[in-house]
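Engineer: Each chain, letter by letter, is given below.
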Amino acid sequence: MPLDTSPDTDDAAFLARYGRGDAAAARSLTVRLVPRVHAQAYRMLGDAAEAEDVAQEAMMRLWKIAPDWREGEAKVSTWLFRVVANLCTDRLRKRRGGNVPLEDVAEPADPTPSVEANMQTRARQDALRAALAELPERQRNAVAMRHFDGASNPEIAAALSISTEAVESLTARGKRALAHALKGQADALGYKG
Amino acid sequence: MTRPPDRRDDAAWLDEMLDEMAGSDVPAPAPDLMARVLADAVAQMPPPGGAPASAPLWRQIVRGLGGWSAVGGLVAAAATGFVVGLGGLETVGADALWSDTYYDSSTALDAFGWDYEEG
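The listed protein sequences derive, respectively, from chains E and Y. For the first sequence, our numbering gives the first residue as 4, with consecutive numbering after it. For the second sequence, our numbering gives the first residue as 22, with consecutive numbering after it.
FYI, nobody ran anything at the bench for these hints, they're computed from the structure. Mixed in with the good hints, there may be bad ones.
Stated by the list, open to error - Here are the computed distance ranges between Cβ atoms for each label pair: (1) E:Asp93 to Y:Ala60: 22 to 32 angstroms; (2) E:Arg96 to Y:Glu41: 21 to 31 angstroms; (3) Y:Ser90 to E:Thr167: 30 to 40 angstroms; (4) E:Ser117 to Y:Ala60: 32 to 42 angstroms; (5) Y:Val92 to E:Glu171: 52 to 62 angstroms.
C-beta: ideal position from N, C-alpha, C; glycine also.
Input sequences plus hints: build the corresponding full structure.
Structural biologist: Structural data, given as structure tokens:
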């Protein structure tokens with residue numbers, strides 16, 4: 004699939020064109036947004052197939068909302084970020100299904116050093132994903148936008164419809180909750196908590 | 022992760038975990054995924070020119086009544102009725118509005134309003 008041929012056109016303009024039946028706009032949005040959405044889903048889920056399903060579902064929601072999209076109300080990318088975060092959270096909660104407590108996620112056990120290191124990395128990420136899934140939605144989104152998307156405070160504030168000052172507090176509370184949830188496993192995960 | 026514990030903040034390890042995940046390799050989306058997403062886009066795409074926007078309720082009501090000319094006629098008729106009603110008050114008096122006295126016009130009429138003259 005060709006690269007984005009109109010990098011200066013913003014997502015909302017493409018979405019408006021798609022809403023008027025412009026197939027080329029759909030192609031541009033797909034090329035531009037799917038890799039980003041897929042990467043976010045993969046980081047949150049750690050599973051390529053599931054990440055693809057989430058990316059497709061999130062994009063489907065975007066196509067459906069296009070005719071009603073009101074330019075200037077929200078950024079397409081931040082709207083999508085929230086959709087993906089919520090879809091991933093649903094999957095993480097279903098995946099755990101109450102059968103796998105957070106404490107049980109981090110148990111690397113392989114004798115080979117390199118494999119053991121990989122297992123431990125995997126265990127750390129699984130534990131972090133599980134802990135993130137337990138956060139309240141706004142805390143989870145603020146932490147994920149800050150750390151995974153590199154979003155600035157004003158960008159997070161706009162995405163979550165809160166003041167820039169509130170972003171700091173929200174992120175701090177989210178990270179405190181994460182630290183609390185993971186503290187008991189820090190040693191097992193290779194950290195000194 | 023390898024820094025000595027005494028040089029670390031309480032939750033520095035959490036930042037390291039988050040950074041590690043942020044920097045982890047993400048596989049490129051499969052070409053098949055892009056094709057599926059594009060197929061969804063085409064299937065959901067409104068017709069050229071865009072789907073007709075759903076009208077707000079007040080506009081649907083106006084349209085249902087027959088358009089603005091019909092609404093104008095209704096308003097004129099309502100206003101006329103109101104003025105005629107006010108004129109009627111001059112005959113019976115404004116007190117009739119809140120009077121509980123029943124006005125029985127039948128006393129002035131006989132045999133459904135017609136006086137029969139026999140013979």
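Engineer: Failing hints, ascending?
Structural biologist: Of the numbered hints, just 3 does not hold.
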